[in-house]
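*Asks:* For the protein sequence lines, the chains are V and H, in the order given.
First residue of the first sequence? That's 1 in this note's numbering, and the numbers climb one at a time after it.
First residue of the second sequence? That's 308 in this note's numbering, and the numbers climb one at a time after it.
Just so you know, these hints were derived from the structure itself, not from any lab.
Treat the hints with caution; some may be incorrect.
[To be verified] For lysine-lysine, the following DSSO-like pairs were computed, each having C-alpha atoms within a straight-line distance of at most 30 Å:
| no. | chain 1 | residue 1 | chain 2 | residue 2 |
| --- | --- | --- | --- | --- |
| 1 | V | K69 | V | K102 |
| 2 | V | K39 | V | K2 |
| 3 | H | K387 | V | K306 |
| 4 | V | K69 | H | K387 |
| 5 | H | K487 | V | K69 |
| 6 | H | K387 | V | K39 |
| 7 | V | K17 | H | K387 |
| 8 | H | K487 | V | K39 |
| 9 | V | K2 | H | K361 |
| 10 | H | K487 | V | K2 |
[Claimed, not checked] According to the in silico footprint, chain H covers these stretches of chain V (three or more CB under 8 Å from chain H):
| no. | segment |
| --- | --- |
| 11 | 33 to 41 |
| 12 | 149 to 156 |
Even glycine gets a Cβ: it sits at the ideal position worked out from N, Cα and C.
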Amino acid sequence: MKGLSTKHLLGIEYLVKEDIEMIFQVADNFKDIINRPIKKVPTLRDITIANLFFENSTRTKLSFELAEKRLSADVVNFSAASSSVKKGETLIDTVNNILAMKVDMVVMRHPSPGAAEFLSKHIDSVIVNAGDGTHEHPTQALLDAYSIREKLGDVKGKKVVIVGDILHSRVALSNIHCLQKLGAEVKVCGPLTLMPKYIESLGVEVEINLQKALEWCDVANMLRIQHERQEIKHFPSIKEYTLQYGLTQEILNSLNKEIVVMHPGPINRGVEISSEIADSDNAIILNQVENGVAIRMAVIYLLAGKI
Amino acid sequence: MSLQEREILNKTEINILISRLTRQLIENHNLFHNSVLIGVQPRGIYVANRLQQKLKELSGIEVVTGSIDTTFFRDDFRRKEKPLLPSVTNLDFSIEDKKVILVDDVLFSGRTVRAAMDALLTYGRPSSIELLVLVDRRFSRNLPIEANYVGKYIDTLSNERVEVMWQEIEGEDKVILVKK
Chain V
1 MKGLSTKHLL
11 GIEYLVKEDI
21 EMIFQVADNF
31 KDIINRPIKK
41 VPTLRDITIA
51 NLFFENSTRT
61 KLSFELAEKR
71 LSADVVNFSA
81 ASSSVKKGET
91 LIDTVNNILA
101 MKVDMVVMRH
111 PSPGAAEFLS
121 KHIDSVIVNA
131 GDGTHEHPTQ
141 ALLDAYSIRE
151 KLGDVKGKKV
161 VIVGDILHSR
171 VALSNIHCLQ
181 KLGAEVKVCG
191 PLTLMPKYIE
201 SLGVEVEINL
211 QKALEWCDVA
221 NMLRIQHERQ
231 EIKHFPSIKE
241 YTLQYGLTQE
251 ILNSLNKEIV
261 VMHPGPINRG
271 VEISSEIADS
281 DNAIILNQVE
291 NGVAIRMAVI
301 YLLAGKI
Chain H
308 MSLQEREILN
318 KTEINILISR
328 LTRQLIENHN
338 LFHNSVLIGV
348 QPRGIYVANR
358 LQQKLKELSG
368 IEVVTGSIDT
378 TFFRDDFRRK
388 EKPLLPSVTN
398 LDFSIEDKKV
408 ILVDDVLFSG
418 RTVRAAMDAL
428 LTYGRPSSIE
438 LLVLVDRRFS
448 RNLPIEANYV
458 GKYIDTLSNE
468 RVEVMWQEIE
478 GEDKVILVKK
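Only chain H is shown next, with the shape it has when bound in the complex (with noise of 0.2 Å):
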């Protein structure tokens, strides 16, 4: 089997899309006084990360960030080969009655952002919860879950797998299509 990578982003595409889905989010939050962004682990937590330096860069808001773990919430436990581990949650603040915004880097079946909405809620009732994603694979949707901002919107097939690269871990921005 052999693997093949087309190039969807570059880096600054990747950061004219952060600038846009921040003055988006400026837009719908103002000062961010009752907002808060969350990251889905694993992945998620590095939009949330970039978002929260391009606020300050932007407009000086210093938002309230943290980072939630989908895995004993996720519907796939014991449907899988591997064992799935978790990863750290990063919640000390309270989010009852705050605007959410849940962050990850690809938008696919759904089904993460369905279990972090569960693992959300036994943190808290927010007001409200938002999802924010950099790449929304559409029509490959397994539950009624959309984006409220949308970094890019790509088409891809089913053996087919967007992976989003950055800097701090695998030393490059960037975002490929890897075809099994």
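Just chain V, same shape as in the assembly (with noise of 0.2 Å):
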């Protein structure tokens, strides 16, 4: 048995499903000793990890953290606020004199697609990307697959729509990559403003009407309005888009079956989903914030079984 094909976790699309599949047989062990009254196992206790966030997180940051230090592994963080970035160095020195320091392995989040790959062609290290701007958050991808898999039994044939603002959104993309390669079916649902130009290449279909969307899933993984990352506006009003593809319990309950609502969070109650929805037994957000954690520590060990 080998080991993943990569040294690295940049994004989804490089991996292979059978990467994907060891890392949730790795991942069913960890969900059961993060459950455990001792959470923790020794096995990094020989290892560094640098988690550099050069964008605001909170969900992300503590769950690598955490996963880290459950695997016994030294941690440093690093936020941009507090750093030499802002007084002019470039992210490979950054990296660079972190890596001076004896660190094994570096978690990153950057607000610039791509950042994660170009650091991984510059520098000796392991390189795990945790949300490069718009381009992948592969760990949200793999936690969103194992719940949906722990929820339903398998991921192969099920259907899921991803709702929202997917132009800006790395969960999608991420997502999608995922999914496809585990066999599920994915529609994206959301206005066409908000919509890639080139989606349909990724082999999913585009659905503007949310109930229409709905009745055809059997998961809808909500995502939030990204005005961080929007120079324009790409609808009339928050309250508009709330209308039209806000999930509530009207439209679950007009549907004659159950789904699964995920969301990857930071939820904006009463704008995509409604509160009642968010706390309500179809919905697996909790979940996925608790499969983070194992998902993480099973991506790290299996990375630093290459160091």
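Both chains are sitting in their own frames, so use the hints and assemble them into the complex.
*Replies:* Set out below in structure tokens:
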């Protein structure tokens, strides 16, 4: 049995199905471990990991840090706001300085698409992409697919619709790659102004009607409107967006089946999803968060084996 | 590189050993009120299953049996070419204050047993841990670990490997010595 086919986790695009299945298999074990009284294993006690966050994050940063600590790795954190980046240092210089302090692995979030891949070509360390601009957020897609597998038994053959701001969403792109590699059918739903121009080249159908999309799907993954990445207005008003694309109890009731509701967070209650739904049994939002730690432990564990 | 095989134990002999080990366990653990069998993954579970069956056969005792995976507690992570992929840990009972009998097929360096004990202790504090192995490759220990119950002692060279095969996996119960 070989390990992962890749040395870094830069995006789901670069993984093969077997990689994803191996990550899931290992994550099953870690999920068991993080539910024990002693939630920690000594495996990575000789590894140091730097978390470099050039963009704000709460959940992902905490989740990575917990995953690292539960594997007994030493962890150093770095956020752009309090760093020399402000003093004009380049990305490669910043990272090389950190690596000079004998760091074995770098987990990085960066606002520029492709930042993780760029870094992997210029420095000698293992890189885990924790989100690069509007490009990919691989661990989020892995935990989303893992949560679907946990809830519905399998990902293969399931119908998943991703609703919302597809244009600015790295979660959407990573999810599309991941779900398709695992044999699920994927549709995207949202206003056409929030659809990337070439989305159909990914083999994904666009549905502009939320009702129709929900009637088709087994799982609905609701995305947030990424105001911080929007330079122009893509729709008239939040209110209008909510009316057309907000998930409410009313719409769910009108379907004559149960669907699984997911959200990668942060939630804007009352915008893309009503409070009622977010807190209902249909929603697996907090399961996603829990699984996030197990998935990140699995990714770090498997990549650390290659150091 | 050619492989040479030599059979050490056949089906009947394994069965005799399992019976003897079971009787030894009964001697020390009576009715197993407070004792549990835990097979070390991946191969110790088959020995544990045989012991469990034999106990039931000989004395009608239904002993609580689980399995423990040692992967994340091993000391050879990143020191091997292949990745260490975990197996399932199946402990749906508390080991707190229990007498635990760890079960494995072959005792060699003792490193797996060390890892299994560390893994076990993250689940609680057993009142004692004993070790039962089907085959003990004596004089080859890297750590000061010995088994309380041994099926058979064998003397081996470091370039030899002991393989325990089971009906349910390999189609036949036997123990062989493979020379590389």
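*Asks:* Each of the hints needs a verdict: does it hold here or not?
*Replies:* Structure-based check of each hint:
1. K69(V) - K102(V): Roughly 18 Å separates the two Cα atoms, so the pair holds.
2. K39(V) - K2(V): holds (27 Å)
3. K387(H) - K306(V): Measuring from Cα to Cα gives roughly 10 Å; hence the hint holds.
4. K69(V) - K387(H): It holds: about 23 Å lies between the C-alpha atoms, which stays within 30 Å.
5. K487(H) - K69(V): violated (41 Å)
6. K387(H) - K39(V): Cα-Cα ~25 Å, so holds.
7. K17(V) - K387(H): Cα-Cα ~24 Å, so holds.
8. K487(H) - K39(V): Given pair K487(H), K39(V) is violated - Cα atoms ~40 Å apart, limit 30 Å.
9. K2(V) - K361(H): violated (38 Å)
10. K487(H) - K2(V): The hint holds at about 22 Å.
11. 33 to 41: holds (count 6)
12. 149 to 156: violated (count 0)
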